[in-house]
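So for the sequence shown, the numbering used here puts the first residue at 1; every next one is plus one.
Bear in mind the hints are in silico, worked out from the structure with no lab data behind them.
Even for Gly, the Cβ is constructed at its ideal location relative to N, Cα and C.
Incorrect hints may have been included.
[Unchecked claim] Cβ pair distances, simulated, as ranges:
#1 His810 / Ala549: 42 to 52 Å
#2 Arg338 / Ala399: 44 to 54 Å
#3 Arg376 / Ala337: 38 to 48 Å
#4 Thr616 / Ala198: 28 to 38 Å
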Amino acid sequence: MSSGRPGWSRARAGVLAALVLLGGLGLSAAAALTLRAAAADQAAERMDQATATVRAAVAAQLDRYLDAVRDAAAGLGAHPDLTAEAFDAVTAPLAARDLTGANNVGFLTAGTGDPGPAQAHWRSRGARDLTLRPDPGAAEHLYLVFSRGLQGNAPVRAGLDLAVAPAAAAAMREAARGSAAVVSDVYVLVADAGLPAARQQLSFLVTAAVRGAGGTLRGYLSMGVRGTDFMTATLHRATAGALGATLAAGAAAGRPVPLAAVPGPGGASADLRRTVALRAGQRQWSLVTTTTSGTMLPAALRTDLLAAAGGAALSLLVGLLVYGQASGRRRAEEAVARATADLRAAGTQAREQADLLSSVMRTISDGVGVVDRTGRFVLHNPAAVEMLGVNAADSVPPAEWAARVGAFRQDGVTPFPPAELPLMRVLRGAPAADVTMVVRNSHRPDGLVMTVSARPLLAADGTVTGAVAVCHDITARTRADHELAAATTRLQIELAQRRAAEAELAEQKAYLTQVLDALEIAVLTVDTEGRVVHANRPARAKLPRSAQALTAAEAAGHVGLTLADGSPPAGDDLPTARALRGEAVEGEELRLGGPDRPRVVRVHARPLRHEAGHITGAVVSLYDVTALREREADLTAFAGVVAHDLNSPLATIGGYAELLDDELTELAPGPAGAEARRALGRVRGTVDRMRQLIEDLLAYTAAGDAPLNPGPVDLRALVDDVVTTRLEGLLARPAAGTAPPDVFVGPMPTLHADAGLVRQLLDNLIGNALKYTPPGRAARIDVTAHEAGPGWARIEIADRGIGVPDGQHHAIFTGFHRAHRGAGYAGTGLGLAICHRVAERHGGVIGVTDNPGGGARFHVTLPTAAAAQRAPGAVPAPTAGR
Numbered sequence: 001m002s003s004g005r006p007g008w009s010r011a012r013a014g015v016l017a018a019l020v021l022l023g024g025l026g027l028s029a030a031a032a033l034t035l036r037a038a039a040a041d042q043a044a045e046r047m048d049q050a051t052a053t054v055r056a057a058v059a060a061q062l063d064r065y066l067d068a069v070r071d072a073a074a075g076l077g078a079h080p081d082l083t084a085e086a087f088d089a090v091t092a093p094l095a096a097r098d099l100t101g102a103n104n105v106g107f108l109t110a111g112t113g114d115p116g117p118a119q120a121h122w123r124s125r126g127a128r129d130l131t132l133r134p135d136p137g138a139a140e141h142l143y144l145v146f147s148r149g150l151q152g153n154a155p156v157r158a159g160l161d162l163a164v165a166p167a168a169a170a171a172m173r174e175a176a177r178g179s180a181a182v183v184s185d186v187y188v189l190v191a192d193a194g195l196p197a198a199r200q201q202l203s204f205l206v207t208a209a210v211r212g213a214g215g216t217l218r219g220y221l222s223m224g225v226r227g228t229d230f231m232t233a234t235l236h237r238a239t240a241g242a243l244g245a246t247l248a249a250g251a252a253a254g255r256p257v258p259l260a261a262v263p264g265p266g267g268a269s270a271d272l273r274r275t276v277a278l279r280a281g282q283r284q285w286s287l288v289t290t291t292t293s294g295t296m297l298p299a300a301l302r303t304d305l306l307a308a309a310g311g312a313a314l315s316l317l318v319g320l321l322v323y324g325q326a327s328g329r330r331r332a333e334e335a336v337a338r339a340t341a342d343l344r345a346a347g348t349q350a351r352e353q354a355d356l357l358s359s360v361m362r363t364i365s366d367g368v369g370v371v372d373r374t375g376r377f378v379l380h381n382p383a384a385v386e387m388l389g390v391n392a393a394d395s396v397p398p399a400e401w402a403a404r405v406g407a408f409r410q411d412g413v414t415p416f417p418p419a420e421l422p423l424m425r426v427l428r429g430a431p432a433a434d435v436t437m438v439v440r441n442s443h444r445p446d447g448l449v450m451t452v453s454a455r456p457l458l459a460a461d462g463t464v465t466g467a468v469a470v471c472h473d474i475t476a477r478t479r480a481d482h483e484l485a486a487a488t489t490r491l492q493i494e495l496a497q498r499r500a501a502e503a504e505l506a507e508q509k510a511y512l513t514q515v516l517d518a519l520e521i522a523v524l525t526v527d528t529e530g531r532v533v534h535a536n537r538p539a540r541a542k543l544p545r546s547a548q549a550l551t552a553a554e555a556a557g558h559v560g561l562t563l564a565d566g567s568p569p570a571g572d573d574l575p576t577a578r579a580l581r582g583e584a585v586e587g588e589e590l591r592l593g594g595p596d597r598p599r600v601v602r603v604h605a606r607p608l609r610h611e612a613g614h615i616t617g618a619v620v621s622l623y624d625v626t627a628l629r630e631r632e633a634d635l636t637a638f639a640g641v642v643a644h645d646l647n648s649p650l651a652t653i654g655g656y657a658e659l660l661d662d663e664l665t666e667l668a669p670g671p672a673g674a675e676a677r678r679a680l681g682r683v684r685g686t687v688d689r690m691r692q693l694i695e696d697l698l699a700y701t702a703a704g705d706a707p708l709n710p711g712p713v714d715l716r717a718l719v720d721d722v723v724t725t726r727l728e729g730l731l732a733r734p735a736a737g738t739a740p741p742d743v744f745v746g747p748m749p750t751l752h753a754d755a756g757l758v759r760q761l762l763d764n765l766i767g768n769a770l771k772y773t774p775p776g777r778a779a780r781i782d783v784t785a786h787e788a789g790p791g792w793a794r795i796e797i798a799d800r801g802i803g804v805p806d807g808q809h810h811a812i813f814t815g816f817h818r819a820h821r822g823a824g825y826a827g828t829g830l831g832l833a834i835c836h837r838v839a840e841r842h843g844g845v846i847g848v849t850d851n852p853g854g855g856a857r858f859h860v861t862l863p864t865a866a867a868a869q870r871a872p873g874a875v876p877a878p879t880a881g882r
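Assemble the whole structure, with the sequences as input and the hints as a guide.
Right, here's the structure in full:
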């Protein structure tokens, strides 16, 4: 009996241990079932919170894209001149921002019918290579005018007609009806239509209307977004692997179209699923999230599992303890050690799940805060702490939260009432979406502007257990809005000033147009291309109605403009062409009309210059001098007739006087005959003076009106001939007691002038230098020449004579003026007037100064042979010089 007792004790201990174990397991199972229901409710609540967080993150990303396009459209509309330069300046910030999935932003304009005028208009605005390609099946076209690639993508080629994409066209029509940015239905972008099917993805457009002053529609700004790239990146950041998520967008047919999907824990066996609505602009999208209860509530946090495991472990421990009384202390200790290890593993798993949730909260860029049903904060993610500047969850009652973080209304001055905080409002059942708030405290002394959206957290029975809020920093956007508003105000002021200036310019233009039209001189202005910009009334009378579409060469051909010989001028020799090269055309005479009755016009042309100095056009005037030239011809003919009629009786008088002188010499050699011969000498002298006066009058007329026949003139040979002729005449009648004249002639250039007129000019000047010498003194004359600018020579004739009286240096060049009228010097007063006309006819100048040491120094500028190698009028005016 004694030998079996220990075995019986062990059997009884085993039975007792088994009963204890079964009882403990039963109680643990009952507790686990009770706690399992509570765990399921807790997992569902966490699923709701995680779904709300993902939804807020996706909505925030969409809002970023909508805000970016809306702000850019407003900036583009504020530009008075919508040009490629303005488009590049406004869209440059978009290229610098992180806009995942965005491939292109472009400006579009609507059009119907022939695209030619629109194409020409936008080319003038900077789209130089633009070619509009209308869709033949569309009644109204949506042309892409300006384009910029985003996120490293090449820009879409301008000229594309987006009417081929119904979803894009519908989005733009919707944007035209309002002021907000809109999101299109999903479709394959036109730019991606040529990609292989495997690389194509569903995409959408974010579009905003571009409006000018007064809200007028100027076009559309659209950004193409590849949906899969955009949403996949966004969902990955938002879910952090804790959720599976599928984002579906509404299509034109009304059926949800999956846009992006992120796999989550459990795959098809996920037991938690939520579907929430999501607004994308004016579109309704849906977000479906899935996960497993184990992910939302890890085994370390599952109280039912903990209760079951703990109860089982405790029951086993008690059973083992009971059994240990019989089986030994060692086994009991080993059981306790194993149970302790299990508990530690469960704690480690719980910490890992807590770290996962913390990682999810840290990866969200927007601030997230959670409060319980009393309004006390239980959670802030790092982004929220950074945005608020303080951790409001640190034992702060709800009534003190606004004061702690420094919350103000949108004006930045009025404190935000605690009862109206978005989290407090949703706890009361009121909505709270996109509430604008300013936060300013010691951490944020300059203030931060943000929008806050809050949602309630509901238990399974629908009761509010707390609330979650998402804060989105809009400080930069608000600042940009203020800067844009200020810029818009400045632009409006500048626009008003410009309009006032334009109105004033229009008045001045109308006034100047009336002045020009009142003139009897034809005036035309041309641009740098030689096209007629303006023609006054006399000019319009000679040109066709479409004069402003003509070039100056075409207008010259229309009016029959020719040179004096009847040949048409070359295009480069037209006065307008020469003025556009910077030349000044002075008084050039041309012919108008046909050969039957040509009109003579005197032409002047000048370049028009910008204040910076470059040429912007030219102005030309044409004055009809036909009647004047006809009168001059009549006067010339009359002068010739008069000269002939006067010379005939003078020749008779001179002849008879000479005969009488010869007769008296033979018949009356005495004193009486000598007195008669002296009287006849005075008669012959008077006849000579009369003949000289007639010759000077004819020369004066010819110098001003005779045709100019320029050609090469050997000035040295001409001067030598004049000097020789003059000296021969003086030496034939030498004055008593006077030495012969001393004449020096220096090197002379070759001129391009009328040889006859130049000879007459030199003869008068050298003759005057010889004549106006004091009695008894030998004449001394220096004839020199030097350059007076490109294409001009300055000829100087200096003497040691009696000089020019003070105050008469200009008057001596007028007709019939004699400086030494009472000094006994013969003359008609026309010699220097003839010289003045000759110089003027050649485009030169003539003048006189006192010669140091006595006498006068006459100078005259005449064109050299180099002038003949240039176009007429191309020689610049001579320099004044001394």
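Which hint numbers doesn't this structure obey?
-> 4
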